[in-house]
Structure formats: C-alpha cells, structure tokens
Amino acid sequence: MTDLLRSFDPAARVTVDPYASDARVLLRQIMAQPRNTASRKRHRAWRLVLAPVAAGVAAIVVFTVPMPWKHGASGLTTAAYAVTQHSDGSTSVVVHWSDIKNPAALQAELDRVQAPVRVLTGVALPDPKHPQPVPACAEPTSGQPYSAKAVQWDFPNQATPINGFVIHPSHFPSGGTLVIEVYYEPGASTPISTLSYMAIGHVPTCAQPAYDMN
Amino acid sequence: MDRDRERFEELFTTCYGAVVRYALRRVDPDTAREIVSETFLIAWRRLPEMPENVLPWLYATARRVIANELRRQHRSRAFSDDLSNLPPAEPLDPAEVIGQRLKVHAALAGLSVRDREVLRLRAWEQLSVADAAKVLGCSPAAYTVRLHRARRRLAALLGDDGLEQLVALPQGELS
Chain A
3 MTDLLRSFDP AARVTVDPYA SDARVLLRQI MAQPRNTASR KRHRAWRLVL APVAAGVAAI
63 VVFTVPMPWK HGASGLTTAA YAVTQHSDGS TSVVVHWSDI KNPAALQAEL DRVQAPVRVL
123 TGVALPDPKH PQPVPACAEP TSGQPYSAKA VQWDFPNQAT PINGFVIHPS HFPSGGTLVI
183 EVYYEPGAST PISTLSYMAI GHVPTCAQPA YDMN
Chain L
225 MDRDRERFEE LFTTCYGAVV RYALRRVDPD TAREIVSETF LIAWRRLPEM PENVLPWLYA
285 TARRVIANEL RRQHRSRAFS DDLSNLPPAE PLDPAEVIGQ RLKVHAALAG LSVRDREVLR
345 LRAWEQLSVA DAAKVLGCSP AAYTVRLHRA RRRLAALLGD DGLEQLVALP QGELS
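Chains A and L, in that order, are what the protein sequence lines are. With positions in the first sequence counted from 1, the corresponding number in our numbering is that position plus 2. With positions in the second sequence counted from 1, the corresponding number in our numbering is that position plus 224.
Any given hint could be a false lead.
Said to hold, decoys possible - Which residues of chain A face chain L? A few of them, derived with a C-beta cut under 7 Å, are:
{"#": "1", "residue": "L7"}
{"#": "2", "residue": "F10"}
{"#": "3", "residue": "P12"}
{"#": "4", "residue": "A13"}
{"#": "5", "residue": "V16"}
{"#": "6", "residue": "V18"}
{"#": "7", "residue": "P20"}
{"#": "8", "residue": "A25"}
{"#": "9", "residue": "I32"}
{"#": "10", "residue": "D90"}
{"#": "11", "residue": "R114"}
{"#": "12", "residue": "V115"}
By construction, these hints were calculated from the structure, which means they are not laboratory data. Given the structure is predicted, the values throughout are model-derived calculations rather than measurements. All residues carry an ideal CB built from backbone N, CA and C; glycine is no exception.
Build the full structure now, drawing on both the sequences and the hints.
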C-alpha cells in the first residue's frame, strides 16, 4: 500500500537508453546549435506565432486593405491598423503589431464592426524560478485551433511586425472568438511572439503568462 | 569549448533518461519529445550557469518548458496536465491493484496541479526534499509543508486513512 502511488508511476517501466541512435542524434543536433543567446532569442521571437492550424492549406495573401490607417489615442503613440468589413460577411484586419502595445482602440474598432476577435497584449516575463499561476482572466476554458477557412493570415506562422488576417465568422465554431495574444519584452515595442486560438464560450480578458526562456 | 562539449555530453548521457521520464509523466509522448529537446537545448546554452547538482535544475527547466508549451498549444485537450493523458502503469496484481490504482488516479485528478507536482516529485522522481524544493523554487521547509498538505488532501480524497502514508517522508530526512 505504501508504494501504491509509486506503482502508479506511468513511466516506471519506461526504459530509456541515452546511447540509442535517436538520443545520440538529438545530442548532436543540440551541440551543433550556437550558444549565442542573442541569435537564439531572435529565432524564438519569430517562432511562436500567429499560427492558424491548417496544415496543407496554402496561405492566401490578402494584404489588400492597408488604408485608411487609423491612429489610436490614449497612450498610443503611432498605433496603426485597418479594419474593413466586406459584403460577404468577412472582415479584413491589418495591424502594425509593433505599435499595438495598447490594443484598446483596435479592439473598439473590432467591436464596432462586430468582429468576433479579442486582441490581448502581455509582457514576456524573464525566465522565472517557477511558472506563475495563470490568472483567472486569462483562462479561455476551451482554446482550440482553427481552420484557414475561418481565419486567413497574410503571413502564417510568422510574427512579422506588420501582419494581416481575414476572418470569416461563418466558418467559426458556434460561440467562437478569435483570440490573439501579442507578447513584448519589458519596455520593448516589437513583439517577440504572438499566439492565436479560437476560444469557445468564455473569452479571456488578459493574456496568459509567457516566459522568455533565453 | 572542448571541455564544455565533454561536460554536456556527460550530463546528457547521465540525465537523458530521467528527463524523458519526467516529461512522459506529465505530457503525451510526442510533446514529451519536444520538451526533452528544448530542455537540453536550454541546458546547452546555459552550461556555464549549471549547478553541480544538475538534475533538479533540469527538472525545473523542463517544468517551465512544459508551462510554455502548454500555453503554446492553447491548452488544447490534446495536451494538458490532465491525468487521463497518462498511460497507466502495468498492474502488479490485476485483481487487487487495479481497483486501488483507479482510486488513486481519481484522487490525483482531484488535486490541484501544484499538489500533484509536489507529490510526483517525491513519489515518481524520488527526489529528496532539498532537490524537490529546488525544482519548485522554494525552501526545503516550504516544500515539506506543501508535501504534508498535499498528502493530507490526497488522503482525504482517497477516503482511506491507510493510504495516508503513500508518500510519507522518511523519518529524519529534514534533520
């Protein structure tokens, strides 16, 4: 009985050979990596981002709605974005992510056209000793990937300083809201990573904690 | 640099299995592979900062990588701290143990993520109090308190006083 919890160990009988070929390949790959943290940071910066889960679906460039740029107020210095409704029910959005540290104006515009999109910004925290608890306001309860039919990004899988997307709410799941979380390093204006997902039902009102591991 | 490569290779060879198992206990096998890769990559980049006792450092790093991965994968049901993702260990005696295991499974699932981690570090990674505290970034005394509370909560969920000793601290460990 004393060992019951230990006997429940799901990896107790897993045998791992550090000399197996896959382990050696991993070791070689890791040791082939540069140890310059600056270059690593830049790599990560563009890795985590705006990734509609639509493997095999060709990206459709819809970078066709650059004007008019709207300039936000209240704390925004050079915030710039364009939100355009189309007759087919879709909405095009183009954003200078580097200027959207306070997304309130953009969010207001999205709300005005009744686009089911929530834009949140957060600070990428320094690598902590242990992860912080996720605040209740960041709980999406059911974050899901979405199809390229629902959201088409101009530059999928990239955290470009300027990116755009077209949403087709008719392809959203019932109760779905596209949530875009944009992360900056403290004091920086260029986002280092972004994350998007489809929230069903409850929509978070703040970004999840993110850690810069570099 | 050659010395660093030598040290890292030794570290990798010594700790690879432990880190793989740590990840497999918490995420699905595909994600575990990524967690292990990222954890050792961070170790490679931070080799000069690595303490002498490297395993708690690796576990702590893997824990943070999992937290980041959890966020990246949008907390989808395919990746979570949900115990239902874990493959059950092979039963020792199907007639008796499966029932107990199901009971423990349900009780663990009813604990908070933090309580589970406190218990897992002790029961599965079999860390000392001092090393488990390093993984969680707290003092050994704080870890002991957390472990005590987690054990009580687990026992309460199990509803069986006899199970309270599941993850008991060996006497004198803190002395």
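Against the structure, the hints:
Because the closest C-beta pair between A:L7 and chain L is about 4 Å apart, less than 7 Å, the hint holds. This hint holds: A:F10 has a C-beta 5 Å from the nearest C-beta of chain L, less than the 7 Å allowed. Taking 7 Å as the C-beta contact cut-off toward chain L, the hint placing A:P12 at the interface holds, the least distance being around 4 Å. A distance limit of 7 Å between C-beta atoms decides the matter here; for A:A13 the minimum to chain L is near 4 Å, and the interface restraint holds.
The closest approach between the C-beta of A:V16 and any C-beta of chain L is roughly 6 Å, which is under the 7 Å cut-off, so the hint is satisfied. Contact between A:V18 and chain L, as hinted, is supported at the beta carbon level, the nearest pair being about 4 Å apart and thus within 7 Å. For A:P20, the interface hint holds, since its Cβ comes within 7 Å of a Cβ in chain L; the closest pair sits about 4 Å apart. The interface hint given for A:A25 is met, as the beta carbon of that residue sits about 6 Å from the closest beta carbon of chain L, less than 7 Å.
The interface hint given for A:I32 holds, since its Cβ lies 5 Å from the closest Cβ of chain L, which is under the 7 Å cut-off. With a cut of 7 Å, the hint placing A:D90 at the interface with chain L is violated, because the nearest CB-to-CB distance is about 27 Å. Violation of the interface hint for A:R114 is found here, the shortest Cβ-Cβ separation to chain L being roughly 27 Å, above the 7 Å cut-off. For the restraint placing A:V115 at the interface with chain L, the shortest Cβ-Cβ distance is roughly 25 Å, beyond the 7 Å limit, so the hint is violated.
In the structure shown, a violation is registered for the earlier hints numbered 10, 11, 12, in ascending order.
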